[in-house]
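Protein sequences, first through last, are from chains B and G.
Under my numbering, the first residue of the first sequence is numbered 1, with each subsequent residue one higher.
Under my numbering, the first residue of the second sequence is numbered 1, with each subsequent residue one higher.
Mixed in with the good hints, there may be bad ones.
[What the hints assert, rightly or not] Partial pick of chain B residues on the chain G-facing surface, computed with a CB cut under 8 Å:
| hint | residue |
| --- | --- |
| 1 | Val13 |
| 2 | Val14 |
| 3 | Ala16 |
| 4 | Val19 |
| 5 | Ile24 |
| 6 | Leu28 |
| 7 | Asp31 |
| 8 | Pro34 |
| 9 | Ile37 |
| 10 | Tyr63 |
| 11 | Thr77 |
| 12 | Phe83 |
| 13 | Arg109 |
| 14 | Thr112 |
| 15 | Thr127 |
[What the hints assert, rightly or not] Straight-line distance between alpha carbons at most 35 Å, and here's what the computed DSBU-like set of lysine-lysine pairs gives:
| hint | chain 1 | residue 1 | chain 2 | residue 2 |
| --- | --- | --- | --- | --- |
| 16 | G | Lys107 | G | Lys138 |
| 17 | G | Lys138 | G | Lys8 |
| 18 | G | Lys107 | B | Lys23 |
| 19 | G | Lys138 | B | Lys23 |
| 20 | G | Lys107 | G | Lys8 |
It should be emphasised that the hints constitute simulated quantities derived from the structure, not laboratory data.
For glycine and all other residues, C-beta sits at the position ideal for the given N, C-alpha and C.
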Amino acid sequence: MDVAVGDEIPAWVVAAVSVEKMKIFSALIRDPNPIHIDAAAVQRLGLGDREINQGPISMGYLYNMLGDWLGGVHHVTRLSVRFGANVYAGDEVVATGTVTAVEDLGGRRVATCDVRLEVVGGATAMTGSAVVTLP
Amino acid sequence: MIDEEQVKALVGTVFPGGTITIEAWEHRLMCDTLLVEPPADGTAHPFYAYQATRAGMGLDLDEMFALCLADPDDGGMFGEHEAELDRPLRVGETYAVRGSITDVERKQGRTAGTFDMITFRLELLDDRGRRVATARNKWIFPRRES
Chain B
1 MDVAVGDEIP AWVVAAVSVE KMKIFSALIR DPNPIHIDAA AVQRLGLGDR EINQGPISMG
61 YLYNMLGDWL GGVHHVTRLS VRFGANVYAG DEVVATGTVT AVEDLGGRRV ATCDVRLEVV
121 GGATAMTGSA VVTLP
Chain G
1 MIDEEQVKAL VGTVFPGGTI TIEAWEHRLM CDTLLVEPPA DGTAHPFYAY QATRAGMGLD
61 LDEMFALCLA DPDDGGMFGE HEAELDRPLR VGETYAVRGS ITDVERKQGR TAGTFDMITF
121 RLELLDDRGR RVATARNKWI FPRRES
């Protein structure tokens with residue numbers, strides 16, 4: 001795979017974040033926090049008027065962007081993220097990335113990338129970096 | 001407000017730990033929430049560097065908040081995460097989980113007020129005791145005036 005510093009990673013888009021996925025996720029991890037499953041609870045806490053996506057789900061979108069680019073998520077060897085603005089049910093979000101370094105490490109070609117998740121028409125939900133093994 | 005020294009004393013606290021099996025059915029549902037098909041080669045989505053360490057650390061979310069001297073109603077949240085994978089995780093495999101609290105920082109936010117940022121370091125080990133993945137999670141716990 002031919003990759004150079006400055007390359008843009010193809011964007012990975014979620015047209016509308018689904019509250020049903022949040023509910024499944026909450027059940028799977030037994031997360032009792034109502035902000036992911038009950039819009040009224042979000043309102044009571046003054047955090048908005050729609051359910052708030054779990055941070056780990058949003059983080060998953062970044063892995064998916066890298067996996068689609070590289071032909072598999074198993075190419076990701078490191079992901080470091082800082083959470084920013086909330087992502088709400090119904091939001092359109094876009095995961096993007098830029099290659100910042102390419103090097104040879106013990107016979108493997110490895111790229112470092114800046115990654116981010118943006119809410120369309122809103123704020124930055126997540127920023128960070130990733131290290132991937134190039135196929 | 002909880003005394004800063006009391007929170008700093010948490011550094012070095014070792015989690016109970018345990019084991020976690022990446023069950024195929026659960027992995028499929030988890031991938032569904034992430035809007036992807038499970039990888040076809042039997043590897044687990046790398047998101048499990050977070051999920052498996054969280055699920056296998058030996059504390060549920062309420063117990064984790066209590067350990068950090070925090071009330072879930074005060075709005076604790078996930079602040080930062082770093083995952084390193086030494087090799088891909090595999091569906092169907094059982095991993096041991098071990099970890100501890102490695103850092104505590106008390107901070108002052110313009111709007112958030114006083115909060116503590118508590119860092120967990122967690123590892124996944126395979127059945128031969130080899131480290132497969134490491135997660136570093138920073139949780140933010142607001143500290144209210146009592």
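Structure-based check of each hint:
The beta carbon of B/Val13 is not positioned within 8 Å of any beta carbon in chain G (closest approach about 10 Å), and the interface hint is therefore violated. The closest approach between the C-beta of B/Val14 and any C-beta of chain G is roughly 6 Å, which is under the 8 Å cut-off, so the hint is satisfied. The closest approach between the C-beta of B/Ala16 and any C-beta of chain G is roughly 11 Å, which is over the 8 Å cut-off, so the hint fails. Restraint check, B/Val19 versus chain G: the minimum CB separation of about 11 Å is more than 8 Å; hint violated.
Checking B/Ile24 against chain G: minimum C-beta separation of about 5 Å stays under 8 Å; hint holds. Hint on B/Leu28 holds. Least Cβ distance to chain G is approximately 6 Å, under the 8 Å limit. The closest approach between the C-beta of B/Asp31 and any C-beta of chain G is roughly 6 Å, which is under the 8 Å cut-off, so the hint is satisfied. Nearest Cβ of chain G to the Cβ of B/Pro34: about 10 Å, over the 8 Å cut. The hint is violated.
The interface hint given for B/Ile37 is broken, as the beta carbon of that residue sits about 13 Å from the closest beta carbon of chain G, more than 8 Å. Below 8 Å, beta-carbon pairs count as interface contacts, and B/Tyr63 has one with chain G at about 6 Å; its hint therefore holds. About 5 Å separates the beta-carbon of B/Thr77 from the nearest beta-carbon of chain G, less than 8 Å, and the hint is met. For B/Phe83, the interface hint holds, since its Cβ comes within 8 Å of a Cβ in chain G; the closest pair sits about 6 Å apart.
With 8 Å as the threshold, the beta carbon of B/Arg109 stays out of range of chain G, its nearest partner Cβ sitting at about 17 Å, so the hint is violated. About 13 Å separates the beta-carbon of B/Thr112 from the nearest beta-carbon of chain G, more than 8 Å, and the hint is not met. For B/Thr127, the suggested interface contact is broken, since its CB lies about 10 Å from the closest CB of chain G, more than 8 Å. A threshold of 35 Å between alpha carbons decides the hint, and for G/Lys107 with G/Lys138 the separation of about 13 Å falls inside it, so the pair holds.
Proposed proximity of G/Lys138 and G/Lys8 is supported: the alpha carbons are some 14 Å apart, at most 35 Å. Between G/Lys107 and B/Lys23 the CA atoms are separated by roughly 32 Å; this keeps the pair inside 35 Å, and the hint holds. Taking the CA atoms of G/Lys138 and B/Lys23, the gap is near 24 Å; set against the 35 Å cutoff, the hint holds. Under the criterion of a C-alpha separation no larger than 35 Å, the hint pairing G/Lys107 with G/Lys8 is consistent with the structure, at around 12 Å.
The structure is inconsistent with the numbered hints 1, 3, 4, 8, 9, 13, 14 and 15, although it conforms to all the rest.
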